[in-house]
Structures are given as structure tokens and as C-alpha cells.
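Protein chains in written order, with the working numbering: chain W, 40 to 118; chain D, 460 to 1205; chain Z, 7 to 226.
Hints were generated in silico from the structure; no laboratory data involved. Keep in mind that this is a model prediction, so the values were computed, not measured. Glycine included, C-beta positions come from ideal geometry on N, C-alpha and C. Each hint should be verified, as a subset may be incorrect.
Computed list of chain Z residues with no C-beta within reach of chain W, every gap over 12 Å [stated by the list, open to error]:
#	residue
1	Met-37
2	Asp-157
3	Thr-160
4	Gly-224
DSS-like cross-link-like pairs, simulated, lysine-lysine; straight-line CA separation at most 25 Å [unchecked claim]:
#	chain 1	residue 1	chain 2	residue 2
5	D	Lys-605	D	Lys-1075
6	D	Lys-880	Z	Lys-121
7	Z	Lys-116	D	Lys-880
8	D	Lys-527	D	Lys-549
9	D	Lys-1026	Z	Lys-116
10	D	Lys-548	Z	Lys-34
11	D	Lys-885	Z	Lys-29
12	D	Lys-839	D	Lys-856
13	Z	Lys-121	D	Lys-799
14	D	Lys-885	Z	Lys-116
15	D	Lys-527	D	Lys-1056
16	D	Lys-786	D	Lys-748
17	D	Lys-604	Z	Lys-116
18	W	Lys-103	W	Lys-41
19	D	Lys-870	D	Lys-1117
20	Z	Lys-116	W	Lys-49
Label-pair ranges, simulated between beta-carbon atoms [unchecked claim]:
#	chain 1	residue 1	chain 2	residue 2	range
21	D	Ala-1119	Z	Leu-223	48 to 56 Å
22	W	Leu-117	Z	Gly-86	41 to 49 Å
23	D	Glu-1190	W	Gly-51	30 to 38 Å
24	W	Ala-74	D	Lys-605	25 to 33 Å
25	W	Lys-79	D	Thr-765	40 to 48 Å
26	Z	Val-80	D	Gly-667	46 to 54 Å
27	D	Arg-1184	Z	Lys-8	54 to 62 Å
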Amino acid sequence: MKAKIHVYLKPGVLDPQGAAVAGALHNMGYDEVTAARQGKLIELDLTGDDVEAARKRVDEMCAKLLSNPVIESYSIELA
Amino acid sequence: MTQYAEGITAEIVKEHGINDAEYAVILDRLGRAPNLVELGIFSVMWSEHCSYKSSRAHLGKLPTKGEKVIQGPGENAGVIDIGDGPNGKKMACIFKMESHNHPSFIEPYQGAATGVGGILRDVFTMGARPVALMNALRFGAPEHKKTRQLVSGVVAGIGGYGNCVGVPTVGGETNFHAGYNGNILVNAMAVGLAEADNIFYARGAEPGQPIVYVGSKTGRDGIHGATMASAEFDDQSEEKRPTVQVGDPFVEKKLIEACLELMATDAIAAIQDMGAAGLTSSSVEMADKGGIGIALDMDKVPQRETGMTTYEMMLSESQERMLVIMKPGREDVAYEIFKKWELDVAVIGETTDTGRMVLTHKGEVVCDIPVAPLADDAPKYERPYFAPEVRAQLNAKDVAQPSHMGEVLLKIMSSPDMASKAWIWKQYDRHVMADTTASSEDPSDAAIVRVHGTNKALAITTDCTPRYCFANPFEGGKQAVAEAWRNLTATGADPIAITDCLNFGNPEREEIMGQFVGCIDGMAEACAKLDFPVVSGNVSLYNETNGVAIPPTPAIGGVGLIPDMAKRAHFGGMREGDILLVVGETEGALGASVYLKVIEGREDGGAPLVDLDAEKAHGDFVRGQIRAGRLSACHDLSDGGLACAAADMALASDMGIKLAHEGNVPMHGYLFGEDQGRYLLAAAKEDAIAILQDAKADDVPVHVVGLAGGTAVTVNGAHPLELDRLRAAWEGWMPALMDQLVEAAE
Amino acid sequence: MKSAVIVFPGSNCDRDAHDAIEKVTGQKPAMVWHQESELPEGTQFVMVPGGFSYGDYLRCGAMASRSAIMPAIVAHAATGAPVLGVCNGFQILTESGLLPGALMRNAGLKFVCEKAPLTVENANTQFTSRYEAGAQLLVPIAHHDGNYFADTETLDRIEGEGQVVFRYGRNPNGSARDIAGIINEQGNVMGMMPHPERAVDDGHGGTDGLALFESLLGSA
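Use the sequences and the hints to build the structure in full.
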């Protein structure tokens, strides 16, 4: 089983890298871009096939290591 | 005998950069046609990068011996004696400079980062703890469309790697010139310290010893990077992107600590880093230097990807790997240490007495060749050359006189090569290890790094003036060495030895080969006269794109020793009322000068001539005055001449300077001429009198040129340039250039 | 005073921390490997040094803050003993929850190394008692992720409680309210981005960091 974890900055936390990306796109003529947020994608290869059990474990991993709750949120996709 | 082994064609041989004559030698030495693995191994060992085939015939002219030289060229890095360390044990300084030009042009961040990683490995492979990094950078014209992106990437890469491994990046130089538009130069230098009786060499392995692989796993990175570094660019080069390696400074840091820990155990017979051509060059090097054979089991090589072939493993340039030949029965020591540092470690073979390199993969022998020809029979070419025309000297009287010298000075000090490079060095950790006494931010002609736990320090500089080398390769080569010697001297150090990084165009063109030979001849003369031998170095050829070569750039990295930290000098200590003195004669050499380029938009005229006897006499005199404690400031005169040195001193001391001009030399030649062998000194009146008396006794020309005071640089009471205005322009140029990048991105 | 310097893979200011502590206290600190689970018997002061633990991968300090030695450091801090985190050490202390907030990528996106002017905001801590309140210092900084972030409520609270110990004179990284160093509520765990251990010596970086270590000595 694979887990895909998206980690992104919470709304309201300044994201200078995202701002630079948005600025660059804007400068290249992509006027429709009004904002960009840069996050991380972490892929895990997992053993076992119990999706719900896996979700619980991965959620724990996110809380304990993969994200920092002060500044980041995350979402989990299992497949 | 069949000309080609199964699956090999003339085309494949050619793609490996092996010409017909070279291929004939391989057939002769093997007594059969090589297979693909063997061809690949010959190809990298005989590449320009590994074999120095175009340059070897001339490199031998460089003096490499001296009283303080422990190890000259031929090992991973040079080694010099720096006397006693903190525990009374004899200490050695180990250093080398190397290019990473092509990779940095293609992928600036990773190219520069892996350049730093590679040069660090050359130094700690020998048992030294790296204590300082320097870099000599040459970029295209500031306005060229690629320049800003390259500057930004290279600087971030150098910082990203050096900062993380925790070795301070203490200095260097940065030039901009259209001649580098298609080929930037990234030359990185590493300096380390070791106990003189605990240095590790490639030689020393004996038959029957285990070969241990440590560090990162092997992937398909940079296959054929070593041959890429030896081929000219064309418009398709950007397609070669995937061959560039990715660095991991975190692994490098662990590797430094683990190797130094292992080196303290007496378990190592020989050790090599896997640099260009990775596993091939490191194993061949140790086998050749030890006069032995090697047998490797390729299945045991730690691999990052599946399905790797022997060819790929032998040619991979994955970074942060080392090959160690251990004393028999001591493998456990290595296992324990490398496991602690969470690094891969595996015994992948052993040394033999066959003199052959035998590789086995999946139970089959896939390569079986004699070691000696790989190293000894590498081609050596006496490339034909002609000496480039030496440009005629330029008389300052024939160059128009400007009306306001202050405005000229402002323009020169805020020109690309002269403006502050704080934008660059602020991105480098210059202070980690807590021994940096002077770095790029400080008013010092050389970086100063203390020998930990002692009252001594290393002085380190990088120098080269490519526009002189272009105008006159011989004088330019001399000047590069002399300027390094002068910069070390200006801090109060005893210059000891140099490393060089010789960057040129295509040596198969006679004119380029002529530049190379001229520069080497000039360097050799300066090294000999100044007792400043070459202990390590690197040659980078084929720096040209679509037939346009870079200006000849023999970058010199000089190292000296300050025996007593209390007796040294810098150029930020000038006090009000100090007398300013110039050591050396000023004739107003404006040929190939910064003045001519910035003010007249011309790059013609002859290079200034270097009188090596005068250089030595003037330098020894200045060092004596520094050690006598007479100087409040000392600065060498180089780019931009007297006026620019005075401006540096004024800015660093936050004190104006009143220069006086008299005599026959036209004022612009007097102020901005780049006559060699000169220093600007500041000293209190009574000290200045003593200096002048000593100068007379020693027959050294010393002239009073001005007085410290006020808030501006002036000449004969006129031509004022206020320091505030000067500082803003000097500091402002580079941020203004790079902010355009940000604007472009935003 | 018995001290310990924690060493993670990728730490690179550990020797500097060791030398600064030895210089001021006259005693060599123990160098404690991250895989240990206990501090040496009798340890009073713990310093978490700068560097790039785990290569700064994932988030600066994240993986180090989950290493074997951390529970011992947390327990040590709970006894009220002094713990100082500098640069990467500050990041590790916020990641471990010993200090509030987080350190994000510098606003300028570039690594910045310079001598930073600082103001001592609180001279009434065991780390700063030898400074005058409001003293102006010059201490080297060298980091890529020193941009201090906390929500407004947290910022207001730590300001109110005197937990902001050092403030930048010229903000180099976008830190909220120019914050350069903070202390926990109990006053025994401090984190700061500037490197006091690089400022204990005239031959290198000046001496404005000396008083910090001397303050500790006085309090021990």
C-alpha cells in the first residue's frame, strides 16, 4: 500500500517561497495566478492492507514527525 | 586479432573519446579487443581530466619542491609543514583547488555544490580536517541573459554545501567578463590541517588486503562526467543535463567525521575518494601506486538503483563515496565506525599480486585488464602551439586625462570587478569552527584562519588577472603567482606554497596551447624566484563554446603562515594623521587595466611587467615592517592601482585620505596604473620616518603619497569623493544587479 | 559547572560550543551522542549546538527532536536546569515543544551570515544576568531558517511574560517582532539564532557572547 501525504503551511502563515513562485508566474504573463502556496509531498510504501489501520498509523506519523502543527497542516491519501 | 569485441563499433569507441592511435595502444596492451566495460575504464582513465594528456608535458616545468613541502603534486592534495601544533606535534597543512566549470554551467546549484564536496574529499582523504574553503568564480558579462541566474545558483550551491558540512567559506574572488558568457569558471579550494605524521596516501596497499566501500550508495549519476569535463561545449550541451551529479552535504559531513575517526585507528592501508570516474579511478589509483592488482565483486557494491551494470557502477559519479584498503582483519573497525555514522559500508573485493584489475559480476568475469597501462600508458601529447602575440605596452600619456578623478574613482569602485561582493559572501557561513580571524567581510588581503589551539594562523588567498594573461600569457602567469605571494605578505604571513587551477580553452588549437604554455612558463619563473612551489593542482581545458575560448585563467591558491597572531596587518586600521606610503615604483601602467576597461571601454595594451627581484625585495621589506609593529594599515596594490587601494583603506578605516600627486607620470596613470610589486602603507608620523630610513638602508623605493584625514578621498586638495557616496556606490552595485533577478521572478 | 553538548549527525557547531564552555567554565563539557538515552551523571547545563542535524531535511531540527536523547533533555529541563539551543539547537527546541513557535525559511530566501546587532530585552534570566538590560551586542548569525513565527496570541503572551530575551537591531530574516532569542515560561530553556559561542574571543567574532556563558556560571 502507498500513502501520499501532503504537507502545507497553514493559512495565515507567510510562505515566502510560494510568494516568489506566484511572482515569477505573474511576471511570465500568467496573470490568472493570484497566489501560490508551496508544500511537500511525502510518499510512503507500507506493508499490510487494512486501510483504516494504516490511516491511523500514518496520521500518528504526521502528528509526531512529518508535520509541525505550529505552522503546517496535512492530508493523507491511501491507495 | 579482431579489431572490435562483440557489440563494439568504431562509433562507440569514438563516443568514448578514444582516438585511433589510443585504441591501437589498448589493443596492443590487452592483446585483444576490449569489451564495453574495459573500454569505459580506459576512456575515463585516459580522459583529459584524469590523465592530463595535453598538459603533462608542460606541468613538469613548475617547481614543486621546497623546504616546507611534505608532498607535492601527484596525490589527492599537496602537503606543507607548518611547524608545531597545540600539543607540540608537527602539523601539516593540506590543500588543493579544483574546477567544476562545466557541471556548474549546466546546473549551477548542484555543479558548484558537488565541486565543493569533491575538493573537501581530496583534503580529508589525506587525513586532514578541512578548516577553510575558498572559491574563485568567473562569470560572463553582468548584462548577459544567463549571468544572474548562474551567479545566484553557484553562490547558493557553494553555500548550501559548505554551510551544511560546517567548513567556513572564508574568501575568494569574483570576476565578470564577456569571455565567460558561455563557460563560467567555478574553482573551489579546500584547506585542511593534520598531524604531519598521520597523513594518508593512495600508495601503501599490499596484496591480500580487503577493499572496503563506504559512504553513499552508487546510482547512475554523472555517467561519463569525466569525459564531459574534457569535451568542448556546443549548442546541444544543455541536453546533457542528466549527467550532472547531486550532492548530499549531510552525508559528506558524516563521512568526514567517520573517516577521521577511522584514520585515528591505524587500520587503513590506503584510502581514496571516489571523484571523477568514481570507482574506476580510485581503485586504479591505489592499485597503480601500490604496484598491485585488484579484484572486485560488483554484486557487493552498494547500489541505489536496480539492474545496474558493471559499466554503470564503474563509471558512476555518485557523490560522497570513499574506497578504503584496510589492513587484514581490521574490517570490523570500519564497520563499527561507519554503522555508527549511519553510512553504507561493504567489503567489495581485495587486493591481489596479479597486477590486474579483475571485475566479477553475477558470477562472470566482466573485466580483466592489466592496471599499469591504465596509468602509465595514458597518452601524453606534445600539442603544437604558437606563442600568442604579446600586446605592446601602452603609454599613459596617450590616454585622455579625465577632469575629475573623484568621479572616475567612483565609477571604477562601483564597476563589476571592483564593487563589494557582500551579496555573495553573506550567503556563506564564514565563522563556523570559530577560528576565522579574517574573511571576505574583513579588510584583509588574504583570509586568516587560526591553527586551532595555537597562536599561529594560515593566510589563504586566490588570485589571477585573466586580462593580463590574455594580453601576455607569460607576464600574466608570473603576475598571478606574484599577486598571491603579495596578498599573503600584506597580512604579515610567510608565503609557503600554492595550488593552481589552470582553466583554458581547447588545447588542440595552437593559439590556446600557446596561452597555456606561456602562462605555465611565467608561473614557473615566479614560483622559482619567490620560493613559492606548486604542491597540487588541476587543469581544466576545453572551456570554450562554439569556438570561443575563455580568457586564459590560471587561478592560483596561495597559502602562508602567520607565526604570531600579534604580528599581522590589515587595511582597516588607518588613523587620523597617518602618513601614507607606497612601496615600489609607479610608472602609470594603464595597459590591460581596470581603468582602461571601465573608463575608456578598451581592453588593449600590454600587461604590466613583474620584476620578480623587486617583488621579493619589496615584500620582504613590508613583512619586516609589519612584524616590527610599525603599520596601522597595509594593502597590496593591484586592480585599480593606488587610488582604489586608498579607497579600500579609507572605506575600511572610515577615514578620508588626501593623496598628493607630483612628478612626470600623468595623474590618471599615477592613480590608476597597475604597476606591480607595490604596497600601500599607513603609519603614524614617527613610524613613517623609521620606515623611510629602513627603506633607504635596504635600497627599497618607498614614497610618501598622502595623509589620512577628513571624510573624502582627495587628490592635491581637489577631485573630492565623499566616503558616504563611495560606500553607497561600492556596496550598491551587486545588490542592484541581483535584484533585477528578483524583479524578473516577481 | 558540569555541562553537556549534544551531538547529532550533522551538528557542526559542537566543537565551538565545547570550546566556549571550556573557556568560560574551565571544565570540558561531555559530548553526548544523540543515540544515548541519558545525560551524564551530574550534568547541570545542556547545550544543543548549531549545525544541520539530519541535513535540515524534512524540517530543520525535526528529526533531531525525535532522537533518543531528547526525552532525557526534556526531563532535565523539567527539573529547572538550564538548557540552551543555538541556531539549529533553537530549531530543535521548538520542534520538541520545549519552546513555543517555529523557525521558518528566511524571508529573503537566502542563507544569511553576518554580525547581527542585538538588544538584550531581558537581562533578568540565568542566561543574561551579566548583561545590562537594553545592552547592544554584536553577535554572528549564520542560518537559512531563522524566521521566528508564532501566532499573535503566543507572541503577545511571550512579550508580556518577558520571554523575548534578544531582539535584532536590524531584522535579517523576517522574524516576527524582530525576535532573535526566547526563553520558556519557567526561565530555564532558552533558544536563539545568533551564535554566542562564536563571540567569546577577540581573535574571532568579538567577545559579546562571553557574558552569556558567564551568567550561567554565576547561576550554577
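Open item on the list: At 12 Å, judged by beta carbons, does Asp-157/Z keep clear of chain W as stated?
Closed with: 8 Å, violated
Open item on the list: Given the hint of 54 to 62 Å, is the C-beta distance from Arg-1184/D to Lys-8/Z inside that range or not?
Closed with: 56 Å, holds
Open item on the list: Hint check: Lys-885/D vs Lys-116/Z, CA-CA at most 25 Å. Holds or violated?
Closed with: 9 Å, holds
Open item on the list: Need the status of pair Lys-880/D, Lys-121/Z: alpha-carbon distance at most 25 Å?
Closed with: 16 Å, holds
Open item on the list: For a C-alpha distance cap of 25 Å, please report whether Lys-116/Z and Lys-49/W respect it.
Closed with: Since the Cα atoms of Lys-116/Z and Lys-49/W sit roughly 22 Å apart, the hinted pair holds (cutoff 25 Å).
- [ ] Would you check the hint for Lys-527/D and Lys-1056/D, treating anything up to 25 Å between C-alpha atoms as holding?
- [x] 40 Å, violated
Open item on the list: At 12 Å, judged by beta carbons, does Met-37/Z keep clear of chain W as stated?
Closed with: Its Cβ never comes within 12 Å of chain W, the nearest being 25 Å, so this holds.
Open item on the list: Between the alpha carbons of Lys-1026/D and Lys-116/Z, is the straight-line distance 25 Å or under?
Closed with: Violated: Lys-1026/D and Lys-116/Z sit about 37 Å apart, past 25 Å.
- [ ] Decide if the proposed pair is consistent with the structure: Lys-116/Z and Lys-880/D, CA atoms, cutoff 25 Å inclusive.
- [x] OK: Lys-116/Z and Lys-880/D at ~15 Å, within 25 Å.
Open item on the list: Holds or violated: the 48 to 56 Å window for the beta-carbon distance between Ala-1119/D and Leu-223/Z?
Closed with: Given about 55 Å between the Cβ atoms, the range holds.
TODO: Evaluate the condition: distance from the CB of Gly-224/Z to the nearest CB of chain W exceeds 12 Å.
DONE: With a cut-off of 12 Å, Gly-224/Z remains clear of chain W, as the shortest Cβ separation is near 33 Å.
Open item on the list: For Lys-604/D and Lys-116/Z, compute the direct alpha-carbon distance and say whether it is at most 25 Å.
Closed with: This hinted pair holds, its Cα atoms lying about 22 Å apart.
Hint violations for this structure: numbers 2, 3, 5, 9, 11, 12, 13, 15 and 25, all remaining hints satisfied.
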